[in-house]
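Participant: With chain A's structure known, arrange chain B on it following the hints.
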Amino acid sequence: MADIYLDNNATTKVDHEVVDVMIPYFLEQYGNPSSIHKFADGVARGLKNARQQVQALIGCEHDSEIIFTSCGTESNSTALLSAIKAQPNKKEIITTTVEHPAILSLCEHLEKEGYTIHRLPVDKAGRLNIESYKKLLSDQVAIVSIMWANNETGTIFPVAEMAELAHAAGVMFHTDAVQAVGKIPMMLQDTKIDMLSLSGHKLHAPKGIGVLYLRRGTRYRPLLRGGHQERGRRAGTENSASIVGLGKACELALNYIEYENTTVKEMRDRLEKGITESIPHCFVTGDLYNRLPNTTDIAFEYIEGESILMLLNKAGIAASSGSACTSGSLEPSHVMRAMDIPYTAAHGTIRFSFSRYNTMAEVDAVLEVMPSIVKTLRKLSPYWDGDGPVANPEQAFAPTYA
Amino acid sequence: MWDYSDKVKEHFFNPKNAGAVADANATGEVGSISCGDALRLTLKVDDDSEIILEAGFQTFGCGSAIASSSVLTEMIIGMTIDDALKVTNQDIAAQLEGLPPEKMHCSVMGREALQAAIANYRGEVWKDDHEEGALICKCFAIDAVMIEEMVWANKLRTVEDVTNFTKAGGGCAACHEDIEAILEKVLAEKGEKFDPTAAPVAQPEKLTAVKGPMTNLQRIKKIEEVLESLRPSLLADGGDVELVEVIGNTAYVNMTGACNGCQMAAMTIAGIQQRLMEVMGEFIKVVPASEMSKLAQIEVA
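Sequences listed follow chains A and B, in order.
Going by this note's numbering, the first residue of the first sequence is number 179, and it counts up by one from there.
Going by this note's numbering, the first residue of the second sequence is number 821, and it counts up by one from there.
With the rest of the complex left out, here is chain A (with noise of 0.2 Å):
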């Protein structure tokens, strides 16, 4: 069997059909947008067809509310450092301690810069709590930026809802969903969501290309100013092909996102069950009855990611996990740590990320090797002994902290 690719929250194969809408932009319609010249003169209309390619999978009101930017972290920054330079009276931020560090980073950036960040909890299962997070808006509120979906987990946060609190008491709303879109259904003219970041490369268009969705009428400072592209507020000569090709992704992606829901589902949930039934001390972290369809992200207690996926990369898949080790920090991922996930699991989860294309085989293939890798490494842990784990892990093994 060809290789198995599972990590589509990471990045996404670029759609043959998107390539090939792209490359008229490189070879003959390669003029300045901006230019009068027949080397230019369809390039606005690609660029126009593209905006409303994007307004029709999000569902916003006007093309004109949608801003082409590098990527998503350029979104969620353009989103950010815009609201507190609109309203520089404001000090605080509302967010979540398990965003992307897209957001995290930059938050705690303008943390010491002396802006007031909350950051709000979840509860085991990745939940956040509308209470606590209703006490929290007030007219001092500059933004508030909550994830629509985590990467990790595939944890589906109620924007709508909490947007409507955020406009209820004055407050602007950004969410970054970059995992949500093109994954599930959205009409955010049905809501009060103010400015949404989306990535072209998790919806299967190339890398180096986002959106910054941005409410008519909400105030805004640019981050690029330098020209008139996007109405002033991205300046730079536009990414023409990929802004073609984006619109072509989400064309397809709006097509596919009932198969989304369904067939792929399908896939993910007939692993999660092979796997959670035949690994004993394994569980599904996150929020299981509110998830995106296509993630699922395994914890296999007593054994450490990394090591996982060189056996799973050994073995043609690709997946990723959240441990300390893949990324080179010294701690494992920020989101299992929010969930009090203990780090005997929170060091070996393991994310598999589906895309429409991917197999009903090569689920089944990965279930086939999943039990002996786990099986392979747990051998090699001083947390395992022979069937299972030793009696009380922590106590029988404690090393001196090195």
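Treat the hints as calculated values from the structure; they're not laboratory data.
Even for Gly, the Cβ is constructed at its ideal location relative to N, Cα and C.
Some clues are possibly wrong.
[Unchecked claim] Examples of chain A residues lying across from chain B (beta carbon under 7 Å, computed):
hint, residue
1, E482
2, E484
3, P560
4, P577
Facilitator: Same frame as chain A, but now just chain B:
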């Protein structure tokens, strides 16, 4: 994914001496489960000769942690415990044909497990003597705790000071923002304020820049002088550098000791080159001596 050497992969996929030694008389348990690496090393030591007859490991950890544990057991079987204590973490890393800088702590864990096991055999209590912080300088593998300690101990005030005392920040310079943050934090604890334009506390040994074109002999002497000034910090890491030949503005060097085979050797060479250019005021290219044979071939052709 990490760029692991073939040797690391070999030991990870086919670990040697996995599991506990049945009738072990020495056990060392080190690591930190919060960091995701922990190791139990069990040894069977012959009481008369003090030779390690058997060694076994049980490791919770990543690919390089398992490989480090495996290669360590191979290295120490047959050694006396006195000889085994001389095994450094660089020895372990070298045996694995190098480890990525973020993973050097895996080799440190191996050495510490060995020390702990031997202490246990001798009825002593092993004390961990270092604390590990977040990796700041990836070029020279220097962590936050090390930088903080040096800032405290030597009253450092600027990024340049930190580079002079720890090497951190002396390579690609991408970590300078992080180093400034550490300086801000430590100086605030001391009631001082970080000033990026402050004069360095301790000037590194001043080597006067040479003006004007140099003869080859002058150039070689000057290069030797600069290498001499850098030698202490290389020796501190168990490595060394040797000047082999100077042709025009190209200096051919041999990286020896721990530098040999270390994946950071290229960074070290870049650092040496940078220093040479600063002092000599001219462009100098530093190249591993192994490249000389290629040059000879070009000349013949």
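Participant: Now tell me, hint by hint, if it's right for this structure.
Facilitator: Checked hints:
no.: 1; hint: E482; verdict: holds (5 Å)
no.: 2; hint: E484; verdict: holds (4 Å)
no.: 3; hint: P560; verdict: holds (4 Å)
no.: 4; hint: P577; verdict: holds (4 Å)
Of the numbered hints stated above, none is contradicted by the structure.
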